[in-house]
Amino acid sequence: MAVVIMVTRGGLKRSGDFYTGGASFSGRQNGFAIAGDYLSAASFLGIVGAVAFYGYDGLLYSVGFFVAWLVALLLVAEPLRNTGRYTMADVISFRVKDRPVRMAAAISTLLVSFFYLLAQMAGAGGLVALLLGISSPVGQNLVIVIVGLLMVAYVLIGGMKGTTWVQMIKAILLIIGVIVMSVWVMARVGFNLSELMQQAIDHVNSVKPGKGEGLLSPMGKYGTNKLGFISLSIALVLGASGLPHVLMRFYTVPTAKEARRSVTWAIVLIGLFYLLTMVLGYGAAWLVGAENIAKMPGGANAAAPALAFELGGTILMALISGVAFATILAVVAGLTITASASFAHDIYNSVIKEGKADPRQELRVARITSIVIGLISIVGGVIANGQNIAFLVSLAFALAASANLPSILYTLYWKRFNTRGALWSIYGGLISGMVLIIFSPAVSGNAAAMFPHAHFAWFPLDNPALVSVPLGFILGWLGSITSSEHNEEKAVEMEVRSLTGAGAGGAIDH
Amino acid sequence: MPSPAHYREVEQSAEFVELRKRFRSFAFPMTVAFLVWYFLYILLSVYATAWMSTRVFGTITIGLIISLLQFVSTFLITWLYIRHANTKLDPLSSKLKADLEADMEGSDL
Chain Y
4 MAVVIMVTRG
14 GLKRSGDFYT
24 GGASFSGRQN
34 GFAIAGDYLS
44 AASFLGIVGA
54 VAFYGYDGLL
64 YSVGFFVAWL
74 VALLLVAEPL
84 RNTGRYTMAD
94 VISFRVKDRP
104 VRMAAAISTL
114 LVSFFYLLAQ
124 MAGAGGLVAL
134 LLGISSPVGQ
144 NLVIVIVGLL
154 MVAYVLIGGM
164 KGTTWVQMIK
174 AILLIIGVIV
184 MSVWVMARVG
194 FNLSELMQQA
204 IDHVNSVKPG
214 KGEGLLSPMG
224 KYGTNKLGFI
234 SLSIALVLGA
244 SGLPHVLMRF
254 YTVPTAKEAR
264 RSVTWAIVLI
274 GLFYLLTMVL
284 GYGAAWLVGA
294 ENIAKMPGGA
304 NAAAPALAFE
314 LGGTILMALI
324 SGVAFATILA
334 VVAGLTITAS
344 ASFAHDIYNS
354 VIKEGKADPR
364 QELRVARITS
374 IVIGLISIVG
384 GVIANGQNIA
394 FLVSLAFALA
404 ASANLPSILY
414 TLYWKRFNTR
424 GALWSIYGGL
434 ISGMVLIIFS
444 PAVSGNAAAM
454 FPHAHFAWFP
464 LDNPALVSVP
474 LGFILGWLGS
484 ITSSEHNEEK
494 AVEMEVRSLT
504 GAGAGGAIDH
Chain L
1376 MPSPAHYREV
1386 EQSAEFVELR
1396 KRFRSFAFPM
1406 TVAFLVWYFL
1416 YILLSVYATA
1426 WMSTRVFGTI
1436 TIGLIISLLQ
1446 FVSTFLITWL
1456 YIRHANTKLD
1466 PLSSKLKADL
1476 EADMEGSDL
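From first to last, the protein sequence lines are chains Y and L.
4 is the number of the first residue of the first sequence in this note's numbering; add one for each residue after it.
1376 is the number of the first residue of the second sequence in this note's numbering; add one for each residue after it.
Please keep in mind that the hints were generated in silico from the structure rather than gathered at the bench.
Since we're looking at a predicted model, the values are computed, not measured.
Note that the Cβ used here is the ideal one computed from N, Cα and C, for glycine as well.
Keep in mind that a hint or two might mislead.
BS3-like, lysine-lysine: derived pairs with alpha carbons at most 25 Å apart [unchecked claim]:
{"no.": "1", "chain 1": "Y", "residue 1": "K214", "chain 2": "L", "residue 2": "K1463"}
{"no.": "2", "chain 1": "L", "residue 1": "K1396", "chain 2": "Y", "residue 2": "K224"}
{"no.": "3", "chain 1": "Y", "residue 1": "K418", "chain 2": "L", "residue 2": "K1396"}
{"no.": "4", "chain 1": "Y", "residue 1": "K493", "chain 2": "Y", "residue 2": "K418"}
{"no.": "5", "chain 1": "L", "residue 1": "K1463", "chain 2": "Y", "residue 2": "K356"}
{"no.": "6", "chain 1": "Y", "residue 1": "K211", "chain 2": "L", "residue 2": "K1470"}
{"no.": "7", "chain 1": "L", "residue 1": "K1470", "chain 2": "Y", "residue 2": "K260"}
{"no.": "8", "chain 1": "L", "residue 1": "K1463", "chain 2": "L", "residue 2": "K1396"}
Some chain L residues close to chain Y (C-beta under 7 Å, calculated; not the full set) [unchecked claim]:
{"no.": "9", "residue": "F1409"}
{"no.": "10", "residue": "T1429"}
{"no.": "11", "residue": "R1458"}
{"no.": "12", "residue": "T1462"}
{"no.": "13", "residue": "E1476"}
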């Protein structure tokens, strides 16, 4: 909290500063902040737990989350920084009819951010409850309320600058924590990965004879729904570059070159992190044992803190838990600022006020929106408490991949793209994604579903990406070719700007 | 601000055409390549589970090696792209940018 107040002493007078921190961060700083934004509690606690329980299948998640960054590096980060100023909608609405397309992009931003936020809030309840040993629902809900209030405070006081600093510091702490624990685990097996996995297998065999080998084989977890897993993989690898809070991070640097540097730093940090979570996962399977983790409040999510306790007692567990809590706080703050920027800049200023809102007024709306989003996510988090967190996260990734990515790529690389194409692809991806999720086995029809006693699941896959992502791309193409609208002038301008960076604002110095 | 005619002129200039070619001829095939490689990995994990579980040495299986190679290839592609961008793209794009922005002087940017 002190950090936030310190870095923002100068005060925030312009809405642009609130959204982008004045576009003044260096590529390296921003790379740490991207890593801070991306490495959510689902990554840290969820993947360590998944590896501890299912071995190889946990690893499949890491690889998808990581490879996804190449889409951002090769296709999205630099041209996006070159053509936009604050939000994804700035870019998509550049050469089409501004208001309807901006509205669509803003709605999609708000929805994706909201689902992601919900997952983090629900995760916060479970995590802190586990760490503090609070098992009553009232206590957990209280934790969610506190997280929500802290998050709103961060965003209101710090704006993007404060939020970015929180994310950088959190990324550093998280990565140091993971490195320390991994070295500790590896030291016990003479830094031999094969030996570590053998120990984990032996441990499983000692509890459930013959089952240990499962840690090495694929499909221990997903074996029953193969297409469902392929669908999830599509969402993972294509979703990252459509996540609004990730996209917005490309605007906090002054140039495309710095955007490239930040993605490079993010790739190095995120790759290192996911490699080490594998060590922690097998370490937890060996030293703690999946059968013991399963009994803890929080289940698989408890693997990382439980391993910390096994290694370094209460102190290390408290440190790791503190880092995990900071993780959730930083991620929800990043999401809140993205959603409030999109509402204030795209819906309030551009659509309602037709671009004539006074910047101070826009900033006020952004702040009020942060409070409203904070309150909604507290209520949502309380309702979602105890729900399947991985489901909410994959929902956000699937929607990002089907509603946002097609129109971003078409806008940047296809001159023929136009208003109808943009609207069809955004709304088409959004609606098909949502509908397929509602009728998926994740929501109803089995014991693990959100509503285990209802039965309206006619779509067989947990994740809609296999259908909704191609649909988003096809609709964007179909909409464009069936409409004769084409703004050649703007298309040319966009192409030149996206590749050269001419007129890209830079660090704001007016 | 440069006029639409000016943007058009730049867009048709030999230098810009070259810049676009250099960018796309790297980024597009590379994207296809890593996506094919990634989905090959996923499909093998889903449909060739026995083969992927084959031990090569100790507990190190073919699946684990391919997983780690996914990390290696991602780092490698990142490095290749940075090198390509620094040496082949940046000199051209900075020159075009400087030309264009010379015409923006006196404008409100």
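The hints, checked one at a time:
no.: 1; hint: K214/Y - K1463/L; in the structure: violated, 53 Å
no.: 2; hint: K1396/L - K224/Y; in the structure: violated, 44 Å
no.: 3; hint: K418/Y - K1396/L; in the structure: holds, 15 Å
no.: 4; hint: K493/Y - K418/Y; in the structure: holds, 9 Å
no.: 5; hint: K1463/L - K356/Y; in the structure: violated, 43 Å
no.: 6; hint: K211/Y - K1470/L; in the structure: violated, 66 Å
no.: 7; hint: K1470/L - K260/Y; in the structure: holds, 14 Å
no.: 8; hint: K1463/L - K1396/L; in the structure: holds, 11 Å
no.: 9; hint: F1409; in the structure: holds, 5 Å
no.: 10; hint: T1429; in the structure: violated, 9 Å
no.: 11; hint: R1458; in the structure: violated, 11 Å
no.: 12; hint: T1462; in the structure: violated, 13 Å
no.: 13; hint: E1476; in the structure: holds, 6 Å
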